[in-house]
Amino acid sequence: MKSFTYERARTPAEAAASVAKIPGAKFLAGGTNLLDLMKLEIETPTHLVDVQDIGLDTIEDTAEGGLRIGALVSNTALASDKRVRRDYGVLSRAIVAGASGQLRNKATTAGNLLQRTRCSYFYDTNMACNKRQPGSGCAAIQGFSRQLAVIGTSDSCIATYPGDMAIALRVLDATIGTVKPDGATRTIPMADFHRLPGDTPQIDNVLERGELITHVDLPRPIGGQHFYKKVRDRASYAFALVSVAAVIQPDGKMRAAFGGMAPKPWRVEAAEAGLHEDRAAAMETIFAGARPTEENAFKIPLAQRALASVVAQTRS
Amino acid sequence: MEFNAPADTNLFDTAKVVGKSTPRIDGPLKTTGTAPYAYERHDVVANQAYGYILGAAIAKGRITAMDVSQALAAPGVITVVTSPDTDVPGKSSMNNARLFGGSEVTHYHQAIACVVAETFEQARAAASLIRTQYDREKGRFDFPALAPDAPLARGRGDKPDQARLGDFDGAFAAAPVKLDATYTTPDESHAMMEPHATIAAWEGDRLTLWTSNQMVAWGKKSMGEALGIDPENIRLDSPYIGGGFGGKLFIRADVLVAALAARAAKRPVKIALQRPLIANNTTHRHATIQRIRIGADKEGKITAIAHENWSGNLNGEDGENGTYQTPILYAGANRLTSNYIATLDLPEGNAMRAPGEAPGHLALEVAMDELAEKLGLDPIELRIRNEPKTVPATPEKQFSDRNLVRCLREGADRFGWSQRKAEPGTVRDGQWLVGMGVAAGYRGAPTMKSGARIRLDGSGKVIVETDMTDIGTGSYTIIAQTAAETMGVPLDRVQVTLGDSRFPASSGSGGQWGAASSTAGVYAACVNLRRAIGEKLGFNGDEAVFADSQIRAGDRVIDLAEAGTMSADGEITFGKFKREYDVGTYAAHFAEVAVNAYTGEARIRRMLAVCDAGRILNPLSARSQVIGAMVMAAGAALMEELVVDKRFGLFVNHDLAGYEVPVHADITQQDVLFLDTLDSVISPMKAKGVGELGICGPGAAIANAIFNATGVRVREYPITLDKYFERLPVIA
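Residue numbers (numbering that gives the first Met the number 0), protein chains in the order written: chain A, 0 to 315; chain B, 0 to 731.
Quick caveat, the hints were computed from the structure, so don't treat them as lab data.
For every residue, glycine included, the Cβ atom is placed at its ideal position computed from N, Cα and C.
Where hints are given, some of them may not hold.
Said to hold, decoys possible - Keeping only pairs whose Cα atoms sit at most 30 Å apart, straight-line, the calculated DSS-like set for lysine-lysine is:
#: 1; chain 1: A; residue 1: Lys38; chain 2: B; residue 2: Lys29
#: 2; chain 1: B; residue 1: Lys220; chain 2: B; residue 2: Lys722
#: 3; chain 1: B; residue 1: Lys29; chain 2: A; residue 2: Lys105
#: 4; chain 1: A; residue 1: Lys38; chain 2: B; residue 2: Lys396
#: 5; chain 1: B; residue 1: Lys220; chain 2: B; residue 2: Lys420
#: 6; chain 1: B; residue 1: Lys220; chain 2: B; residue 2: Lys300
#: 7; chain 1: B; residue 1: Lys575; chain 2: A; residue 2: Lys38
#: 8; chain 1: B; residue 1: Lys90; chain 2: B; residue 2: Lys177
#: 9; chain 1: B; residue 1: Lys265; chain 2: B; residue 2: Lys90
#: 10; chain 1: A; residue 1: Lys1; chain 2: B; residue 2: Lys265
Stated by the list, open to error - So the derived label-pair ranges between C-beta atoms look like this:
#: 11; chain 1: A; residue 1: Arg7; chain 2: B; residue 2: Arg605; range: 26 to 32 Å
#: 12; chain 1: A; residue 1: Gly136; chain 2: B; residue 2: Lys396; range: 17 to 23 Å
#: 13; chain 1: A; residue 1: Thr4; chain 2: B; residue 2: Arg605; range: 33 to 39 Å
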């Protein structure tokens, strides 16, 4: 771990200004991912701005009939909120499918969106990794890629976004609210938040320097049956090989987003109508242009079967 | 005491303490976090500095330059010890890989430097400032590609490791029913909770090592060899061990480098291997390829059986021999076993819980299931039809005690085997396909000479001192039970002190020999003490009755406290008569597994082990060992794999996020049954260990249950869903 300086901010604006001011500064919330990465010198911030005292830790009803989730609401609090469990079951289920009870107590809503890939080569500083060290190459493309992405990748990077919560937020059409160092705010749709790697895989998302997530908004509930099916090698405490967040209406129409497949939650709205009518064809559209490796090609048929498993549950 | 004939009736046959379920006497220390593990022994020596080991960034080649100037200048740094600049005079005869010293790199994450600093964080930060240049060489990293050309390993007496009986080729060719299948098992990591850790301190030329090691006497000898010093100047102390599984049988880099760094720093140094280093820096279980051919007549009698095994290792030595159980388990007149070993430039493969047998059962016991399927026979019935009368591959040898058929029959009753559907893929529970599997298990029950010292403190308290270790197995408790039984005192009047090389050398913990051997050694020392008390107080110590903290000798009744302060050493050695026998432990393992018909996710629903291991010294801790081993077997069957990057020569998934072991949610109901058997050939205790028996078979039972559930056979372990979900029966 590199030495760093540390401060505790009192307001969101102060936190954003501090990070903008100091080159190499980062926000620290739950620390469940950042501190691990710092110990391995994968992340080497010069300065940490601890945001635990800035509020943003409540879940409020919105005028539009949805919910506003503060950036610092813990995963445990969010998953167990009565309104979330009643109206946004896919979100509760996705969150409890991830990590462990201890980690979910500490991890925050905003931090979870920002967790970094779990690619083995990203984690080993002796190995080439464009995401960790731009320009060094990608050891994963010809290497151990079983867990990695099959679509949305580039010749620079095939890392997967590893989280579960974001897959559910994507299917719910959530938006992310931020504050910039100059005090300006903006709203980013989930669909636009995570970036595809292209030639700059070191940049995971569209946040600007010093821009702080303040909340996540959920629109009005959409009803339907909510599912989060996470397929993995052991029953708990493992990252998804494939996951599917789905909301299925009584008439069979559905929304579906996929995890474990891409550098971001993967959802193709244009193909969703087809999921009800001709699922196989629609899945082909959703994963059109996929470039899997020999080791992870199984993920595409597995995603089809995971969704079929979910659909079958609506009949029972 | 020499044990040179089968045991007669003795005090353990009427035992009051031995054989009774007894909570661990060290349990409260462990559950309250107060048991002193190696890295946390802050009080044993003052002024401890922190060492941090840097691992090599390449798998094979030479270090051409190392620049440590920035590290030396970093805050808190006391010294930096580098491998190229360190002359390590020798090498432990028990290490295949060189642990430190010189410029040659023979495997990834080999220790190449150690930074010593005032704090752990300072040492770690400074280690990343070391700049190393290498001359890389091509390495042999692709075991499956190298295996076909691998030579036979060197077996006993340096002879090629191959054994034949009768005419396998002829009998196999003539057999009406044949099975020929090849199975692969991956490299696996011990993944114990406590990493390898040591505190080293020099006092003149005397070295003390507070460490975490299964075999204290071996460690002392090995450190003497490596440092070129008299082992009598070395003390090892290892009273608590947070898991070893064979990974701590031998000294590793933490011990050697801590000693070298402490000498350089002129201060005590403590080192724990960081988790990402453990997979590649220490040892692992080797991958295997195993081909099994079995020929049988139409009634299922085996006429020919061949088991050929391939593995690989550094220097082409010490492989993983999956054939160990095959000469023992099933009858058959014509036999072949062969063990080949390739030379690799991957990290050192070495012993991991039931080395050989654990992967061996994953092959043989699935082959038996496949043969039963071909014969249309129940797999339990097939095994019973091939139950041998003497040791199949060495018919002149007797079994000391063998009750495998009882294990299978009693297990079948308990598990509800009659409910199993012989036709695979026919039991549905919602989206899940459900099946049952069975496997037999065999693990040898070796014994090693073992010593102890028993002291009386004058108040009637009995103190046991031996360098025996407790690696989480329950040694403290069974040793206390043995001493309590033999000296006739309640358990709470016995104090057990373990793991210190100043005490008499014991068997140590490994190879499932610890329980049988170390308790026999404690018994031998107790017998010597009883005789010494008799001499002191004027009675025959062998004839007197020691019970209720009293001694009854003829008409005399003497309080044990009256013997005053006394001490006796004793040692058990085992005679040659054992060579006439195969002394082993047996089990029948059962599993019920559900497989998601869509995704291939496999979830274990129930497991049962029925064990035949002679007297069970402490059924409570023996059960813990067996259920722990069943968990490890489940990991091997379903998820554990060190993934080799064949380009760079390393295990890529070198942390506990990448190397998945079972979690609680993977393990539901586990049941263990011990048969009430006694083996008079093993030791005076008539008791055998179970720690490795428990991992021999459950993985195959799980694999067989997956086949019974789905009709799909996967022969490449671990059985992860990507290997078979597309072959699952289609569900509308």
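These are the hints, each one checked on the structure:
1. A C-alpha spacing of about 28 Å is found between Lys38(A) and Lys29(B), which places the hinted pair at or below 30 Å, so the restraint holds.
2. In summary, the hint linking Lys220(B) to Lys722(B) is not supported, as the alpha carbons are separated by about 46 Å, beyond the 30 Å threshold.
3. Proposed proximity of Lys29(B) and Lys105(A) is supported: the alpha carbons are some 26 Å apart, at most 30 Å.
4. For the hint pairing Lys38(A) with Lys396(B), the CA-to-CA distance comes to about 57 Å; that exceeds 30 Å, so the pair is violated.
5. Proposed proximity of Lys220(B) and Lys420(B) is contradicted: the alpha carbons are some 56 Å apart, above 30 Å.
6. Between the alpha carbons of Lys220(B) and Lys300(B) the distance comes to roughly 49 Å, so the proposed pair goes past 30 Å and is violated.
7. The straight-line distance between the Cα atoms of Lys575(B) and Lys38(A) is roughly 55 Å, outside the 30 Å bound, and the hint therefore fails.
8. As the CA atoms of Lys90(B) and Lys177(B) are separated by approximately 48 Å, the hinted pair breaks the 30 Å bound.
9. Taking the CA atoms of Lys265(B) and Lys90(B), the gap is near 23 Å; set against the 30 Å cutoff, the hint holds.
10. With a C-alpha separation of about 27 Å, the suggested pairing of Lys1(A) with Lys265(B) holds against the 30 Å cut-off.
11. One distance hint, 26 to 32 Å for the beta-carbon pair Arg7(A) and Arg605(B), is violated here, with the actual separation near 51 Å.
12. For Gly136(A) paired with Lys396(B), a C-beta distance near 59 Å fails the hint of 17 to 23 Å.
13. Checked against the hint of 33 to 39 Å, the pair Thr4(A) and Arg605(B) fails, with Cβ atoms roughly 55 Å apart.
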